[in-house]
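Q: Construct all of the structure, not just a fragment, from the sequences and the given hints.
2 protein chains.
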Amino acid sequence: MAEKPKKPSKLRARLPRGLADRGPAEIAATRAMVEKIREVYERYGFEPVETPAFEYTDALGKFLPDQDRPNEGVFSLQDDDEQWISLRYDLTAPLARYVAENFDALPKPYRSYRFGWVFRNEKPGPGRFRQFMQFDADTVGAPTAAADAEMCMMAADTMEALGIPRGSYVVKVNNRKIFDGIIDSIAGDSSPMRRLIILRAIDKADKFPPNEIRKLLGQGRLDESGDFTAGALLDPDQIERIMRLLAPAWPIERLVSFHSRHFSRFHTARKYAHFLMEFFGIRSFSPLLLGALDEIEQLHQLFRQAGYDEDRIRIDPSVVRGLEYYTGPVYEVELLLDTKDEKGRPVRFGSVGGGGRYDGLVSRFRGEPVPATGFSIGVSRLQAALTLIGQLDNKPQPGPVVVTVFGGDIAGYQKMVATLRSAGIRAELYLGNPKHSLGQQMKYADKRNSPCAVIQGSDEKQQGIVQIKDLILGAELASLEKDRDEYLKKQAEAQFSCKEDELVAKVQELLQRRGVSWN
Amino acid sequence: MAEKPKKPSKLRARLPRGLADRGPAEIAATRAMVEKIREVYERYGFEPVETPAFEYTDALGKFLPDQDRPNEGVFSLQDDDEQWISLRYDLTAPLARYVAENFDALPKPYRSYRFGWVFRNEKPGPGRFRQFMQFDADTVGAPTAAADAEMCMMAADTMEALGIPRGSYVVKVNNRKIFDGIIDSIAGDSSPMRRLIILRAIDKADKFPPNEIRKLLGQGRLDESGDFTAGALLDPDQIERIMRLLAPAWPIERLVSFHSRHFSRFHTARKYAHFLMEFFGIRSFSPLLLGALDEIEQLHQLFRQAGYDEDRIRIDPSVVRGLEYYTGPVYEVELLLDTKDEKGRPVRFGSVGGGGRYDGLVSRFRGEPVPATGFSIGVSRLQAALTLIGQLDNKPQPGPVVVTVFGGDIAGYQKMVATLRSAGIRAELYLGNPKHSLGQQMKYADKRNSPCAVIQGSDEKQQGIVQIKDLILGAELASLEKDRDEYLKKQAEAQFSCKEDELVAKVQELLQRRGVSWN
Numbered sequence: 003m004a005e006k007p008k009k010p011s012k013l014r015a016r017l018p019r020g021l022a023d024r025g026p027a028e029i030a031a032t033r034a035m036v037e038k039i040r041e042v043y044e045r046y047g048f049e050p051v052e053t054p055a056f057e058y059t060d061a062l063g064k065f066l067p068d069q070d071r072p073n074e075g076v077f078s079l080q081d082d083d084e085q086w087i088s089l090r091y092d093l094t095a096p097l098a099r100y101v102a103e104n105f106d107a108l109p110k111p112y113r114s115y116r117f118g119w120v121f122r123n124e125k126p127g128p129g130r131f132r133q134f135m136q137f138d139a140d141t142v143g144a145p146t147a148a149a150d151a152e153m154c155m156m157a158a159d160t161m162e163a164l165g166i167p168r169g170s171y172v173v174k175v176n177n178r179k180i181f182d183g184i185i186d187s188i189a190g191d192s193s194p195m196r197r198l199i200i201l202r203a204i205d206k207a208d209k210f211p212p213n214e215i216r217k218l219l220g221q222g223r224l225d226e227s228g229d230f231t232a233g234a235l236l237d238p239d240q241i242e243r244i245m246r247l248l249a250p251a252w253p254i255e256r257l258v259s260f261h262s263r264h265f266s267r268f269h270t271a272r273k274y275a276h277f278l279m280e281f282f283g284i285r286s287f288s289p290l291l292l293g294a295l296d297e298i299e300q301l302h303q304l305f306r307q308a309g310y311d312e313d314r315i316r317i318d319p320s321v322v323r324g325l326e327y328y329t330g331p332v333y334e335v336e337l338l339l340d341t342k343d344e345k346g347r348p349v350r351f352g353s354v355g356g357g358g359r360y361d362g363l364v365s366r367f368r369g370e371p372v373p374a375t376g377f378s379i380g381v382s383r384l385q386a387a388l389t390l391i392g393q394l395d396n397k398p399q400p401g402p403v404v405v406t407v408f409g410g411d412i413a414g415y416q417k418m419v420a421t422l423r424s425a426g427i428r429a430e431l432y433l434g435n436p437k438h439s440l441g442q443q444m445k446y447a448d449k450r451n452s453p454c455a456v457i458q459g460s461d462e463k464q465q466g467i468v469q470i471k472d473l474i475l476g477a478e479l480a481s482l483e484k485d486r487d488e489y490l491k492k493q494a495e496a497q498f499s500c501k502e503d504e505l506v507a508k509v510q511e512l513l514q515r516r517g518v519s520w521n
Numbered sequence: 003m004a005e006k007p008k009k010p011s012k013l014r015a016r017l018p019r020g021l022a023d024r025g026p027a028e029i030a031a032t033r034a035m036v037e038k039i040r041e042v043y044e045r046y047g048f049e050p051v052e053t054p055a056f057e058y059t060d061a062l063g064k065f066l067p068d069q070d071r072p073n074e075g076v077f078s079l080q081d082d083d084e085q086w087i088s089l090r091y092d093l094t095a096p097l098a099r100y101v102a103e104n105f106d107a108l109p110k111p112y113r114s115y116r117f118g119w120v121f122r123n124e125k126p127g128p129g130r131f132r133q134f135m136q137f138d139a140d141t142v143g144a145p146t147a148a149a150d151a152e153m154c155m156m157a158a159d160t161m162e163a164l165g166i167p168r169g170s171y172v173v174k175v176n177n178r179k180i181f182d183g184i185i186d187s188i189a190g191d192s193s194p195m196r197r198l199i200i201l202r203a204i205d206k207a208d209k210f211p212p213n214e215i216r217k218l219l220g221q222g223r224l225d226e227s228g229d230f231t232a233g234a235l236l237d238p239d240q241i242e243r244i245m246r247l248l249a250p251a252w253p254i255e256r257l258v259s260f261h262s263r264h265f266s267r268f269h270t271a272r273k274y275a276h277f278l279m280e281f282f283g284i285r286s287f288s289p290l291l292l293g294a295l296d297e298i299e300q301l302h303q304l305f306r307q308a309g310y311d312e313d314r315i316r317i318d319p320s321v322v323r324g325l326e327y328y329t330g331p332v333y334e335v336e337l338l339l340d341t342k343d344e345k346g347r348p349v350r351f352g353s354v355g356g357g358g359r360y361d362g363l364v365s366r367f368r369g370e371p372v373p374a375t376g377f378s379i380g381v382s383r384l385q386a387a388l389t390l391i392g393q394l395d396n397k398p399q400p401g402p403v404v405v406t407v408f409g410g411d412i413a414g415y416q417k418m419v420a421t422l423r424s425a426g427i428r429a430e431l432y433l434g435n436p437k438h439s440l441g442q443q444m445k446y447a448d449k450r451n452s453p454c455a456v457i458q459g460s461d462e463k464q465q466g467i468v469q470i471k472d473l474i475l476g477a478e479l480a481s482l483e484k485d486r487d488e489y490l491k492k493q494a495e496a497q498f499s500c501k502e503d504e505l506v507a508k509v510q511e512l513l514q515r516r517g518v519s520w521n
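So the protein sequences, as listed, match chains A and B. Quick note: to get our numbering, add 2 to the position in the first sequence (first position is 1). Quick note: to get our numbering, add 2 to the position in the second sequence (first position is 1).
Fair warning: there could be bad hints in the mix.
No copy labels: a pair is met if it fits in one copy or bridges any two.
[Stated by the list, open to error] Below, a list of computed lysine-lysine pairs in the DSS-like style, where the Cα atoms sit at most 30 Å apart:
{"hint": "1", "residue 1": "Lys492", "residue 2": "Lys209"}
{"hint": "2", "residue 1": "Lys463", "residue 2": "Lys445"}
{"hint": "3", "residue 1": "Lys110", "residue 2": "Lys463"}
{"hint": "4", "residue 1": "Lys449", "residue 2": "Lys110"}
{"hint": "5", "residue 1": "Lys445", "residue 2": "Lys110"}
{"hint": "6", "residue 1": "Lys38", "residue 2": "Lys508"}
{"hint": "7", "residue 1": "Lys463", "residue 2": "Lys125"}
{"hint": "8", "residue 1": "Lys217", "residue 2": "Lys12"}
{"hint": "9", "residue 1": "Lys463", "residue 2": "Lys501"}
{"hint": "10", "residue 1": "Lys273", "residue 2": "Lys217"}
{"hint": "11", "residue 1": "Lys273", "residue 2": "Lys38"}
{"hint": "12", "residue 1": "Lys449", "residue 2": "Lys491"}
{"hint": "13", "residue 1": "Lys110", "residue 2": "Lys417"}
It should be emphasised that the hints constitute simulated quantities derived from the structure, not laboratory data. Predicted model, so just to flag it, every value in this text is computed and none were measured.
A: This is the structure we're talking about:
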């Protein structure tokens, strides 16, 4: 009796954490959205390609969230030939593998897009899932800033195609080399390893308090378990200047206060340089930093000359984007809408997608430089935003016409259903227990959101007629009870009979009257 | 030096076995197909629902290919709370879990459909993948044969909606209880465990020679490794009668020879009973068998009365369908086309989908009976069939208009591209190295299957004009070389100039002339 009770033999129906089912309204909304994105991408000359859910784990390597623990964050298992395979963590790593594998057959530059599920074996939370959908576009084999600029312009066009008004979104552009350049300017020319240690320390800012980050930038950090992480060996003054990257200031607000005079037109390399000098105390610019500023200037020119102004695409030093594999320009789409959630609380949307240049990824397979730049939309996040601003219809579509049944001989009813369907009308036979009362069957039709029900008892059958019950009007009747005349008139309209062979025509009239159509 | 050479640092770009990438033509064909299936299912009143790729392994339980080895055949891994989770093996088990979890909120009967990837951790082979797409429809909570009949009729309608002509497909229907009844009639009333041992023995027919199957039906079987599998303890006469289920005869051909007189109209319960008596030597019919024959008769009547004749849906005793979880009617869609593959070899298509009644699956979670019936299409297989009979366009769609570039200042070219795109024309800027020659850029346009290219050198730029090169006509020129006059005339037509502001209009004219449109 002291033992734990045994598991009951009845299974519990539930999903593992961080996974979700999707109903009709959500599925329809995703469909509509994906179609609009596809249309823009196709117009830009991108073509679809799809890869499977699994890749060899080593092919994902560089994309893993934490290189120290290569199986952390991804779902991995050992194949029966002993090799490790993993569910894709994003759509970029599989594309890099695909391009490398089919390099000679593909046109170069190679513009492609794809959408699909990706998997992360991370702690789920509110709005944070272990399976979610991404929609990516990438250009491989294009070395110039024009390819990055095209991505940003396509992102802007996509937002407008989805119904997000100009001024309610902005594509923000920065350059990852700026970070490397800042680090070099502060810490002196650094080895890639030292830069990585510094970037990783910065990346831990959401987990550790500032003083722990300072340890990682300095002599290293000993954690509670006794593990020691080597530090970047910066001196206290250098540490404080790097720490400015972590200031809550960095995202927008403090930039504005720093640059109130310039910020509204904060977009040229010269102004960016000025900002770096003031904010980080950088006096001399390394070749790396100068190169990055030059790319910033090129991008700026390309946007303006193609007619994409500051209100659509702008240079913004606050954009960081992932720390590992970007090698040049990085970009992020932010929704500026302040909107309210279902409970009326204000919601600021923030980033719905982003990307950047990753010149090193395809090269890993090829042993030769293969420049690439890509952009990824978080479909679920964007869908939530579009739903909130009313750009996605989240209402379920009307249900089918329900043909009710009486008695065991259902062949006649089934024929009616077949006739309605042949006329393109969404229709179904009541398939519950045929002995269910009309009341039970009508309750079902209501639950199905049916526009009307078809009824034929034995009397009607003998006379060769059917009853049609208008369920939309029926629902309105409830609110009309006070006005007796109106009520009685509508009540007569809400259920009427017709000959069997008029069924299709009468149902079609009713559907038209009530504005019902299916897509 | 005796050690194996170390793995080279360059990664090999390749996919794990049994997985495949998909290009534009294949993706477009799936899209077109899935849309047509959706349309039929929606008209039948089915609504979409989607479940994630993972389920708890115990929720998949009954669907596993081999209950003795529950992790064989599926991709499973242990979650960080120690519970086992698996990638879905089909779309039926997840639906059963979904319905059980949302039972009170769903209308009942609940008609739903879904399509998506499923995963099998099995030995891949030609045309056998470890990730493939299924398209399922299920009705849960419908106890009568009318629900099974509806599935079969919907399957038939779907085939025709996909362009498969009547007479080139057939939906074949049988009843799983017939097998149980045959076993009972031969072996006496059997326990479910004995039936299971017999069914499993039958299921091994593709792996073991007949004498090994006989052992499994009799005293049991000792394999090479020394493992003993308990047998069904049938006597030799019973074993031989059960073995008829395994005769190559069972699929069609021998049935025909047995029943040459009846087979063409082999569809009523009476005839089915007659067949069972002759083929299996069954003289007395158990209540189970009588019940199954009664269901067969009901289905037959429903098909005929709804106007689905023998050429579309027929009763066929050769249909078995999975051995584990079906509890009543089972059905299978077979393509009757004899067609040829890419190499001109004849191909007979066979089954492209099937399903049946599975009254036990949802009940596992609910502890109360929940009848259900469902149908699954193997999307990839059906797609291969449709491609072979020319019902799916597998040609890549036309590429974009390519705007070529000269020199470093590409802003002007980019603007042309933006103008073409705004007019709805699929267009792109050449994004390769801007120093590439016109020849290299035209080669790219050819590889992209572009209808035309736009060219503006520095002379044209000064004059405010552009050259438009008709690549479709250009390709035709090659075959016209013999006719000099025709050649010269067409050559002039194949490249012409226009003013910069006429670009959109001229390109639109050209696209119309060449019949180019994008979908």
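Q: Between copies, within a copy, both or neither: which fits Lys492 and Lys209 at Cα up to 30 Å?
A: neither (64 Å within a copy, 69 Å between copies)
Q: Within a copy, between copies, both or neither: where do Lys110 and Lys463 come within 30 Å Cα-Cα?
A: Classified as between: cross-chain Cα gap 26 Å, same-chain 69 Å, threshold 30 Å.
Q: With identical chains, the pair Lys273 and Lys217 could be close in the same copy or across copies; at 30 Å between alpha carbons, which is it: within, between, both, or neither?
A: neither (33 Å within a copy, 86 Å between copies)
Q: Since the copies are identical, ignore which copy is meant and state whether Lys463 and Lys501 lie within 30 Å (CA to CA) inside a copy, between copies, both or neither.
A: So Lys463 and Lys501 pass the 30 Å test inside one copy only (10 Å; across, 74 Å).
Q: Give the relationship of Lys463 and Lys445 under a CA distance limit of 30 Å: within one copy only, between copies only, both, or neither.
A: For Lys463 and Lys445, only the intra-copy Cα distance (23 Å) is at most 30 Å; the inter-copy one is 72 Å.
Q: Indicate which option fits the pair Lys449, Lys491 if close means a Cα-Cα distance not exceeding 30 Å: within, between, both or neither.
A: within (26 Å within a copy, 69 Å between copies)
Q: Within a copy, between copies, both or neither: which one fits Lys449 and Lys110 at a CA-CA cutoff of 30 Å?
A: So Lys449 and Lys110 pass the 30 Å test across copies only (9 Å; inside, 54 Å).
Q: For Lys445 and Lys110, with the copy left unspecified, which applies at a CA distance of at most 30 Å: within, between, both, or neither?
A: between (60 Å within a copy, 10 Å between copies)
Q: Taking 30 Å as the upper bound on the Cα-Cα distance, should Lys217 and Lys12 be classified as within, between, both, or neither?
A: neither (53 Å within a copy, 35 Å between copies)
Q: Checking Lys463 and Lys125: alpha-carbon separation at most 30 Å within a copy, between copies, both or neither?
A: neither (61 Å within a copy, 58 Å between copies)
Q: When Cα atoms must be at most 30 Å apart, do Lys110 and Lys417 count as within-copy, between-copy, both, or neither?
A: Between. Shortest inter-copy distance 22 Å satisfies the 30 Å Cα cut-off; intra-copy 57 Å does not.
Q: At most 30 Å between C-alpha atoms: does Lys273 with Lys38 qualify within a copy, between copies, both, or neither?
A: Neither: 37 Å inside a chain and 56 Å across chains, both beyond 30 Å.
Checked against the numbered hints above, the structure violates hints 1, 7, 8, 10, 11; every other hint is satisfied.
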